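So the sequences go chain by chain: A and B. Under our numbering, the first residue of the first sequence is numbered 1, with each subsequent residue one higher. Under our numbering, the first residue of the second sequence is numbered 1001, with each subsequent residue one higher.
Keep in mind that the hints are not guaranteed to be accurate.
Result set (DMTMM-like, lysine to aspartate or glutamate): computed pairs, CA atoms no more than 20 Å apart in a straight line [as the list claims (entries may be wrong)]:
#, chain 1, residue 1, chain 2, residue 2
1, A, K19, B, D1046
2, B, K1069, A, E43
3, B, K1094, B, E1139
4, B, K1035, A, E20
5, B, K1069, B, D1052
6, A, K18, B, D1019
7, B, K1035, A, E43
Hints in this document: simulated from the structure, not taken from any laboratory. Small disclaimer: the values here were computed from a predicted structure and weren't measured.
This is what each chain is made of:
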Amino acid sequence: MAKLYTQESPKQKNLQPKKESIDFILNYSKALSVINCKDKKFELLLN
Amino acid sequence: MIMKQELQTDSVLVRNYVDGDEKALSTLVYRHKQKIYSFIYSKVLDRDVTEDIFQDTFIKVIRTIKLGKYNEEGKFLPWVMRIAHNLVIDYFRKNNRMPKFDNSGDFNIFSVISDSSLNVEKQLIKDQIDNDLQKIILELPDDQRDVLVMRIYKDMSFKEIAECTGVSINTALGRMRYALINLRKLVEQKNIILTN
Chain A
1 MAKLYTQESP
11 KQKNLQPKKE
21 SIDFILNYSK
31 ALSVINCKDK
41 KFELLLN
Chain B
1001 MIMKQELQTD
1011 SVLVRNYVDG
1021 DEKALSTLVY
1031 RHKQKIYSFI
1041 YSKVLDRDVT
1051 EDIFQDTFIK
1061 VIRTIKLGKY
1071 NEEGKFLPWV
1081 MRIAHNLVID
1091 YFRKNNRMPK
1101 FDNSGDFNIF
1111 SVISDSSLNV
1121 EKQLIKDQID
1131 NDLQKIILEL
1141 PDDQRDVLVM
1151 RIYKDMSFKE
1161 IAECTGVSIN
1171 TALGRMRYAL
1181 INLRKLVEQK
1191 NIILTN
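Just need the whole structure built from these sequences, with the hints factored in.
Pasting the structure below:
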């Protein structure tokens, strides 16, 4: 049989981000606060 | 409480998040994580890069909402997908000139290094092409041949060629143009194959 050299299609069953990625996002959100000062906005990242 | 949040629409959750409800963001992330992650993976086909872009997407989402720049006109998920899509484009732009690794299976060293030197067969073909080319160049009118040789073989600029041959740059350019047109004609006439 001739060999097939086509690229294997990626298996995309149940692709989920890692728990660490989700935790990072949620923690980032908790740490980020925006301070309004007159007409300016300041981002503050508190770890 | 969690059950109640699960039933809420995206726009209600976004509003709650704007009002400081961090759990609303958590619900949004868990609700849409698979669609967004799969979308990114379908484009970049690399788990690590997908994780990075997924995180960057939500960092952008969080910053935009917290800075009050998110408008309710569009739907939440299509908006997040658009951010992810733009970040995927940025990723490909950045990596355009970098070596690519194929991580889908076993590590293949030839995906990073390549042997650019010609093998014996290709060297023979190249020599043959060079020979054929030199023969037909000799058949060009003198003025055209001089310009072509100076430009291609001696790597001179058109300014230098113009000075050397005592003509204007435009004339030198014109001669080069006709030299190439005539070369193509000669190649056709003589049925010479100049590719390997």
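**OP:** Starting from B:K1035, check that the Cα of A:E43 is at most 20 Å away, please.
**Re:** violated (29 Å)
Subject >> Pair hint outcome, B:K1069 versus A:E43 [Cα-Cα no greater than 20 Å] >> reply: holds (13 Å)
Original post:
Is the straight-line distance between the alpha-carbon of B:K1069 and that of B:D1052 20 Å or less?
Top reply: Judged against 20 Å, a Cα distance of about 23 Å means the pair is violated.
**OP:** Please work out if B:K1035 and A:E20 have their alpha carbons no farther apart than 20 Å.
**Re:** Cα-Cα ~18 Å, so holds.
Original post:
Is the Cα-Cα distance between A:K18 and B:D1019 20 Å or less?
Top reply: Violated, because 28 Å separates the two Cα atoms, which is more than 20 Å.
**OP:** Take a quick look at whether B:K1094 and B:E1139 sit within 20 Å of each other, Cα to Cα.
**Re:** violated (48 Å)
**OP:** Assess, step by step, whether the Cα of A:K19 is no farther than 20 Å from the Cα of B:D1046, and give holds or violated.
**Re:** holds (17 Å)
Figure legend: structure checked against the earlier numbered hints; hints not met, in rising order: 3, 5, 6 and 7.
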